[in-house]
Amino acid sequence: MTSIKLNNVSLVYRLFEKLTLSAPGRRRSALGGNIAKAGTKQVVQALDGVSFELKAGDRLGLVGPNGAGKTTLLKVLYGIYQPTGGTMSIAGKVDALFNISIGFRPEATGRRNIVLRGLISGWTKAEIEEKVEEIIDFSELGDFIDVPFKAYSQGMAARLAFAAATALDPEILLMDEWIGAGDAAFQQKAKRRMDELAEKAGIIVLASHDENLINSVCTKKLTLRSGRVESLHPVVKVPSRKH
Amino acid sequence: MRCHMSIETAIRQGLGGSLWPAKDNAPKQQIAILPAMIAALNGAFDDISKAMKLHRVWVALAHEDIGDQHRRTTLGPLWMLVNYFAFVGTFVFVFVTKDASNPSYIAYVAIGMLVWFYLSETITVSVSLFQREASFIQGTTLPLFVYVMRLTMQSVIRAGYSLAGCVLILLLSGYGIDTNWLLSLLGLLLIVLATPAFVMVFAFLGAFFPDSEFIVGNMMRVGMFLTPVFWVYSGQEGIQKYAYHWNPFTYFLEGVREPITAGIFPTHALAVTGYICIGAWAIALLLLGRYRKHVVFLI
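Protein chains in written order, with our numbering: chain A, 87 to 329; chain B, 14 to 312.
Just so you know, these hints were derived from the structure itself, not from any lab.
Please note that a few of the clues may not be correct.
[To be verified] Straight-line C-alpha distance at most 25 Å; calculated DMTMM-like pairs for lysine to aspartate or glutamate:
1. Lys66(B) x Glu139(A)
2. Lys306(A) x Asp232(A)
3. Lys66(B) x Glu216(A)
4. Lys66(B) x Glu215(A)
5. Lys286(A) x Glu226(A)
6. Lys66(B) x Glu213(A)
7. Lys236(A) x Glu257(A)
8. Lys275(A) x Glu316(A)
9. Lys63(B) x Asp232(A)
10. Lys236(A) x Glu77(B)
11. Lys63(B) x Glu213(A)
12. Lys211(A) x Asp81(B)
13. Lys306(B) x Asp262(A)
14. Lys63(B) x Glu257(A)
15. Lys66(B) x Asp281(A)
16. Lys179(A) x Glu220(A)
17. Lys211(A) x Asp232(A)
18. Lys307(A) x Glu285(A)
19. Lys211(A) x Asp59(B)
20. Lys236(A) x Glu250(B)
21. Lys179(A) x Asp59(B)
22. Lys63(B) x Glu220(A)
23. Lys236(A) x Asp59(B)
24. Lys179(A) x Glu193(A)
25. Lys127(A) x Asp224(B)
26. Lys63(B) x Asp181(A)
27. Lys275(A) x Asp255(A)
28. Lys236(A) x Glu263(A)
29. Lys211(A) x Asp78(B)
Quick caveat, the model's predicted, so the values are computed rather than measured.
For reference, chain A alone in the conformation it holds in the complex (with noise of 0.2 Å):
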């Protein structure tokens, strides 16, 4: 059963100094979230006891202010970063939008692309052999699938993305900020994808900015703010105003 369940969740790191021969006031990255001194050392609490429990079906959109430890969160449910605290169990097959150009090479051909892609997101031949032509449909590159993937326009990549990203149709999705490019109707399918792919059983996390979108999109929503959760409810959905 799909489901993901965060117990007081924290993740403090150590700003690494870089040994390096620049001048001392160059050193540090800015990072978000609340930094610390811990003697000479630095150390940012990008989530601090973050807690939450999401079942098969829910749409949890994370919002928040810039810093405030939506994407870090979306890292950690993810995988990339490892939580120093509290305890985190997911189950499903979980994959993630964060970067629409990631593991896409500008030389090669989207259909290329869509075997790198697949070979990332760790499928099995059969798999990518099985999804490359369902994936060049729903994105409707048409003859563009041959054409090196520098030559798409940034709606054409978003959507060749979003298509392979979506394929292995994941348990759990986790998106940072909604596939922002592509034509009115592509986004009217991608949300149809979304729809779908929850009411399989799936879960999908977003974060965004855009509170309109979280409210239509999603069935609960989280409020962080320097890496604590300051509030977590359902969304009410308000129908839609016919013009």
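Chain A is already provided as a structure; the job is to place chain B on it using the hints.
Same frame as chain A, but now just chain B:
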């Protein structure tokens, strides 16, 4: 204040150990060195085993890398062969005219250049490996060893072109293929075996100490002249003596070169190469196990 408290709470829960400097626990840390090393090694082997299962990823990416580097050129990857011939030719016919007609010297330089360029290029690009792979490391959950093998594979493919050139030069110089070539192959295999370890050590060095990219780059440039790549050591005193005996690269080169140019089994060279290989792997495994989860915060 709240921030301080919450961080301390995380540490009290014993969960911040790997990313947090536990100053007050110094005696405990000393006692726990062995379990920590075992844990690090387990972590490293876990990462390596996951990466080996994903071999199709790094093989595909390495081939794409090589293809991309020469995509719009007429000769394509054959440029690597041309570069190799150009360097060997330059050193044989221009710099050392006295020995240019000596077939054994031509073989000496051809094999020396093959091994030196492989090691030099691999080490130089390893230092910036994690920086170059930042988008992958920050956006996917691929094991770090995937990037190490991607670079190793790329280096081996590149060296394959130089190897073809080297074999051609040896044959044209009158060195027929015989059993000594198998001994040379043993030396080459040891170098390839050591490559992922070198890549890891230098990649972590570059992640923690960014300036090392330039330091290592310069050292490798100078290193070519301090390594018996094209000069022959015949018992001279002075800097050449130290550059020959105390330079680890000497043994990598001689392990491959001696069987063909001198017709002997390079026992000493292979032994030293083997020790360096074991040492490099030991350091690399500890680094990978201990710091693989930290890299994402460093790049």
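Outcome of the hint check:
A distance of roughly 32 Å separates the Cα atoms of Lys66(B) and Glu139(A); the hinted pair therefore is violated under the 25 Å criterion. Between Lys306(A) and Asp232(A), the direct Cα distance comes to roughly 40 Å. Violation of the 25 Å bound is thereby established for this hinted pair. Taking the CA atoms of Lys66(B) and Glu216(A), the gap is near 21 Å; set against the 25 Å cutoff, the hint holds. Between Lys66(B) and Glu215(A), the direct Cα distance comes to roughly 19 Å. Compliance with the 25 Å bound is thereby established for this hinted pair.
For the suggested pair Lys286(A) and Glu226(A), the alpha carbons sit about 23 Å apart, so the restraint of at most 25 Å is met. Restraint check: the Cα-Cα separation between Lys66(B) and Glu213(A) comes to about 16 Å, which is no more than 25 Å; the hinted pair holds. A distance of roughly 31 Å separates the Cα atoms of Lys236(A) and Glu257(A); the hinted pair therefore is violated under the 25 Å criterion. Taking the CA atoms of Lys275(A) and Glu316(A), the gap is about 33 Å. The hint is violated against a cut of 25 Å.
In summary, the hint linking Lys63(B) to Asp232(A) is not supported, as the alpha carbons are separated by about 32 Å, beyond the 25 Å threshold. Distance check on the hinted pair: Lys236(A) and Glu77(B) sit about 15 Å apart at the alpha-carbon level, within 25 Å; holds. This hinted pair checks out: Lys63(B) and Glu213(A) have alpha carbons roughly 19 Å apart, not beyond 25 Å. Our distance criterion of 25 Å between C-alpha atoms is met by Lys211(A) and Asp81(B), whose separation comes to about 23 Å.
As the CA atoms of Lys306(B) and Asp262(A) are separated by approximately 22 Å, the hinted pair is consistent with the 25 Å bound. Between Lys63(B) and Glu257(A), the direct Cα distance comes to roughly 22 Å. Compliance with the 25 Å bound is thereby established for this hinted pair. With a C-alpha separation of about 33 Å, the suggested pairing of Lys66(B) with Asp281(A) is violated against the 25 Å cut-off. The suggested pairing of Lys179(A) with Glu220(A) holds, with an alpha-carbon distance near 20 Å, which does not exceed 25 Å.
Taken as a hint, the Lys211(A) and Asp232(A) pair is honoured in the structure, with Cα atoms around 20 Å apart against an allowance of 25 Å. Straight-line distance between C-alpha atoms of Lys307(A) and Glu285(A) comes to about 18 Å, which keeps the hinted pair within the 25 Å bound. Distance hint between Lys211(A) and Asp59(B) is fulfilled; the C-alpha atoms sit about 23 Å from each other, no more than 25 Å. Only pairs whose Cα atoms come within 25 Å are accepted, and Lys236(A) paired with Glu250(B) is rejected, the gap being roughly 57 Å.
With a C-alpha separation of about 20 Å, the suggested pairing of Lys179(A) with Asp59(B) holds against the 25 Å cut-off. About 28 Å separates the Cα atoms of Lys63(B) and Glu220(A), which puts this hinted pair outside 25 Å; it is violated. The suggested pairing of Lys236(A) with Asp59(B) is violated, with an alpha-carbon distance near 36 Å, which exceeds 25 Å. For the proposed pair Lys179(A) and Glu193(A), the alpha carbon gap of about 30 Å is over 25 Å, so the pair is violated.
Distance hint between Lys127(A) and Asp224(B) is fulfilled; the C-alpha atoms sit about 21 Å from each other, no more than 25 Å. Pair hint Lys63(B) plus Asp181(A) holds up; C-alpha atoms about 18 Å apart against a cutoff of 25 Å. Taken as a hint, the Lys275(A) and Asp255(A) pair is honoured in the structure, with Cα atoms around 15 Å apart against an allowance of 25 Å. Between the alpha carbons of Lys236(A) and Glu263(A) the distance comes to roughly 23 Å, so the proposed pair stays at or under 25 Å and holds.
Of the supplied pair hints, the one linking Lys211(A) and Asp78(B) holds, its CA atoms being roughly 21 Å apart against a limit of 25 Å.
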